[in-house]
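Undergrad: These are the residues of each chain, in order.
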Amino acid sequence: MEQIFMKGCEAIAETAIRAGCRFFAGYPITPQNEMPEYMSRALPRVGGTFVQGESEVASVNMVYGAAAAGTLAMTSSSSPGISLKSEGISHLAGARLPSLIVNVMRAGPGMGTIQPAQNDYFQASKASGHGGFRTITFVPGTLQEAVDLTYLAFEYAVRDHNPVILAPDGFIGAIMEPVTLPDFKEIPETPDWAAIGYGKRGHINLIKSGGATEAEQQEINESAAKLYERWTREDVMVEAYHTEDAEYVFAAYGTSGRICKSAVDELRDRGIKAGLIRPITISPFPYNAFKNLDDTRVKYIIDVEMAIPAQMIEDVKMGVEGKIPIETVLSSGGNIIRTSDIIQKTEALVKEG
Amino acid sequence: MEKIYTRPNALNKSVSGYCPGCMHSTITKITAQVIDELGIGERTVCVLPVGCGTLGALYWNLDMVISAHGRAPAVATGVKRVSPDSVVFTYQGDGDLASIGLSEIMHAANRGENYTVLFINNSIYGMTGGQMAPTTLVGQKTTTTPGGRNPDTDGFPMKMAELIAQLTSPVYVARFAVNTPAYINKAKEGIRKAFQNQLDGKGFSLVEILSNCPTTWGMSPIDTLSYINDNTLAEFPLGVFKDREEEQS
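Quick mapping for you: the protein sequence lines, in order, are chains R and G.
In terms of our numbering, the first sequence opens at residue 524 and continues consecutively.
In terms of our numbering, the second sequence opens at residue 278 and continues consecutively.
These aren't lab readings, by the way, just hints derived from the structure by calculation.
You may find that some hints are simply not true.
[Stated by the list, open to error] To give an idea of the chain R side of the interface with chain G (calculated C-beta under 8 Å), a few residues: (1) 524; (2) 578; (3) 727.
[Said to hold, decoys possible] Anything over 12 Å on all C-beta distances counts as not near chain G; from chain R, calculated: (4) 528; (5) 574; (6) 617; (7) 679; (8) 724; (9) 755; (10) 760; (11) 765; (12) 768; (13) 788; (14) 793; (15) 818; (16) 848; (17) 855.
[What the hints assert, rightly or not] For lysine-lysine, the following DSS-like pairs were computed, each having C-alpha atoms within a straight-line distance of at most 27 Å: (18) R/731 x G/436; (19) G/306 x R/723; (20) G/306 x G/465; (21) G/465 x G/479; (22) R/723 x G/290; (23) G/436 x G/465; (24) G/280 x G/470; (25) G/290 x R/731; (26) G/463 x G/306; (27) R/708 x R/530; (28) R/814 x R/846; (29) R/840 x R/649; (30) G/280 x G/465; (31) R/723 x G/418; (32) R/749 x R/723.
All C-beta atoms in this analysis are idealised placements derived from N, C-alpha and C, irrespective of residue type, glycine included.
With the hints as constraints, model all of the structure from the sequences given.
TA: Here you go:
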């Protein structure tokens, strides 16, 4: 297969089109502008629609409308913009509409900075809006993974009737790497449940994100809970790198994950048995990857995040169940984690014995 | 015998849950009649707001999408852009359209989205119990303006039809009332035109319809009719504020 050298945001956009996405609405915000810009050029060429919304709020609600009419649709933004979209994401989840939301994460809170960060872990994995819903949330570590996960995201969105979140940090959105793109999918017929006019259907379709009664709302919640539960059994994705004999195990995702990989290689060259557990889905979270670590062998888990205070560490703790001590190497504000900091921290722990 | 009056097909057989005397029933009925008369029910999508209009989900015999509060024009944009053969309309109240959804309506109008907006303006938040709306009249008492709307702190009623008519893209912007049979007939013709424009691919049409709220205005339904005549119409003049057809002829 042919490899193309592409920028992260553009690779995600192109893959979305190949996965069948035919509607994109978005609002400018750094560092993800390459995605709407790419879509504005590429979508019309395949008969799709690009709309620059007047706000993040409008954009995600346009996606809600397009998805309600049965078209695969997506929006993208970055951290502050995702906060604005959270109303719409909650409605997409409440109405169980297939869709993709991409959050190219920058530093926070508030305005933060426009540089790469992983401060949106909680928001992306647990609370992307009100009402206690969940999404499958992917955190790619390479551009090829971003491509593969974008393709998969639309398959899962359709399979589950649910929005999916892809949360690359700003570094993944901005870098260029060679990628192999998937084939163009055939666009499916408009699904039966879509609101486009009842036509010959014989009954009306009503797309809504709430129950008409308490009983209906509880049924909606219970049905969603079953779906979320199924994800934890079937859809967890995680990479374990040199963990089989590791005494020092890094927990890191996205850009922190790829930096930890380099640290593992370098530490192993220096004779230190390091390994890495890199979640690829942070919802559902790979708790078992941590639970199954041999606590008689693993001396430390080192949680590495571009977020201060650390966030993923809460899930790591739940996986580890207190059996292995956890240390951290953290950066934030747009500072990329340095391999040397990770190595230094690990060597200090080794010295302590 | 020839049947000359029946329930429109665009409505189901439910009994209306709107408050007694509420003009939502009238406006819903004449809209449903227009949809029937144009023969477009099977390809129509009604985009509902948050507010009393959400109750339409129980009555319209049409495909429907319920929006988040104020976002109906954005949702309708998504529906219409991916399904251009569908006939799309939003049905929004004044809190929904003129307050929380001000941005969405202005920009949908400015893009000239080819759909129809029905804006039901009763100068108050009905569903939440009678709070001040952007369209509340000066001096009008609401649960959040117990001394009456004070323009020094609350501003003046927002005239949405006039605001939207200033934009270049919209093709038809008009305001009607439904507090007399003659006004009802005129409003129905305005609604028909707003749908016909969409069918002809002309672009964005908005019909504002002055309505009442006997419950939160604290009046008998019959008194709301004269209140509209004496007060609402003085603030919100009826008329066509923009009609591209007439501009061109």
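Undergrad: Taking the hints in turn, state whether each one holds.
TA: Hints versus structure:
1. At its closest, the beta carbon of residue 524 of chain R sits 31 Å from a beta carbon of chain G; the interface hint therefore is violated under the 8 Å criterion.
2. Interface hint at residue 578 of chain R: satisfied, since its Cβ lies 6 Å from the closest Cβ of chain G, which is below the 8 Å cut-off.
3. Restraint check, residue 727 of chain R versus chain G: the minimum CB separation of about 5 Å is within 8 Å; hint holds.
4. The beta carbon of residue 528 of chain R sits about 32 Å from the closest Cβ of chain G, which is more than 12 Å, so the claim that it is off the interface holds.
5. With a cut of 12 Å on Cβ distances, residue 574 of chain R falls inside the contact zone with chain G, its closest approach being about 6 Å.
6. The beta carbon of residue 617 of chain R sits about 10 Å from the closest Cβ of chain G, which is not more than 12 Å, so the claim that it is off the interface is violated.
7. Every beta carbon of chain G lies more than 12 Å from that of residue 679 of chain R, the smallest distance being close to 21 Å; the non-interface claim holds.
8. At roughly 8 Å, the least C-beta separation between residue 724 of chain R and chain G is not larger than 12 Å, which violates its mark as non-interface.
9. With a closest Cβ-Cβ approach of about 29 Å to chain G, residue 755 of chain R is found to remain outside the 12 Å limit, as its non-interface label requires.
10. Here residue 760 of chain R stays apart from chain G, with its beta-carbon at least about 30 Å from theirs, past the 12 Å limit.
11. The Cβ of residue 765 of chain R sits about 46 Å from the closest Cβ of chain G, beyond the 12 Å cut-off, so the non-interface label holds.
12. The non-interface label for residue 768 of chain R is consistent with chain G: the shortest C-beta to C-beta separation is roughly 52 Å, beyond 12 Å.
13. The Cβ of residue 788 of chain R lies farther than 12 Å from every Cβ of chain G, with a closest approach of about 47 Å, so its non-interface assignment holds.
14. With a least beta-carbon separation of about 55 Å from chain G, residue 793 of chain R lies farther than 12 Å from that chain, consistent with its non-interface assignment.
15. In this structure residue 818 of chain R is separated from chain G by more than 12 Å, as the shortest Cβ-Cβ distance comes to about 47 Å.
16. In this structure residue 848 of chain R is separated from chain G by more than 12 Å, as the shortest Cβ-Cβ distance comes to about 45 Å.
17. Look at residue 855 of chain R: its CB is around 32 Å from the nearest CB on chain G, clear of 12 Å, so calling it non-interface holds up.
18. Restraint check for residue 731 of chain R and residue 436 of chain G: not satisfied, since their Cα atoms lie roughly 30 Å apart, outside the 27 Å limit.
19. A C-alpha spacing of about 23 Å is found between residue 306 of chain G and residue 723 of chain R, which places the hinted pair at or below 27 Å, so the restraint holds.
20. With a C-alpha separation of about 10 Å, the suggested pairing of residue 306 of chain G with residue 465 of chain G holds against the 27 Å cut-off.
21. This hinted pair checks out: residue 465 of chain G and residue 479 of chain G have alpha carbons roughly 19 Å apart, not beyond 27 Å.
22. For the hint pairing residue 723 of chain R with residue 290 of chain G, the CA-to-CA distance comes to about 20 Å; that is within 27 Å, so the pair holds.
23. Between residue 436 of chain G and residue 465 of chain G the alpha-carbon distance is near 21 Å, which keeps this suggested pair within the 27 Å criterion.
24. In summary, the hint linking residue 280 of chain G to residue 470 of chain G is supported, as the alpha carbons are separated by about 25 Å, within the 27 Å threshold.
25. Simply put, residue 290 of chain G and residue 731 of chain R have alpha-carbon atoms about 21 Å apart, close enough for the 27 Å limit, and the pair holds.
26. Restraint check for residue 463 of chain G and residue 306 of chain G: the C-alpha separation of about 14 Å stays at or below 27 Å, so the hint holds.
27. As the CA atoms of residue 708 of chain R and residue 530 of chain R are separated by approximately 22 Å, the hinted pair is consistent with the 27 Å bound.
28. About 9 Å separates the Cα atoms of residue 814 of chain R and residue 846 of chain R, which keeps this hinted pair within 27 Å; it holds.
29. With a CA separation close to 16 Å, the supplied pair residue 840 of chain R and residue 649 of chain R stays within the 27 Å bound.
30. The hinted pair formed by residue 280 of chain G and residue 465 of chain G meets the criterion: a straight-line CA distance of about 20 Å does not exceed 27 Å.
31. The suggested pairing of residue 723 of chain R with residue 418 of chain G is violated, with an alpha-carbon distance near 49 Å, which exceeds 27 Å.
32. Of the pairs offered as hints, the one joining residue 749 of chain R and residue 723 of chain R is violated, with about 33 Å between alpha carbons and a cut-off of 27 Å exceeded.
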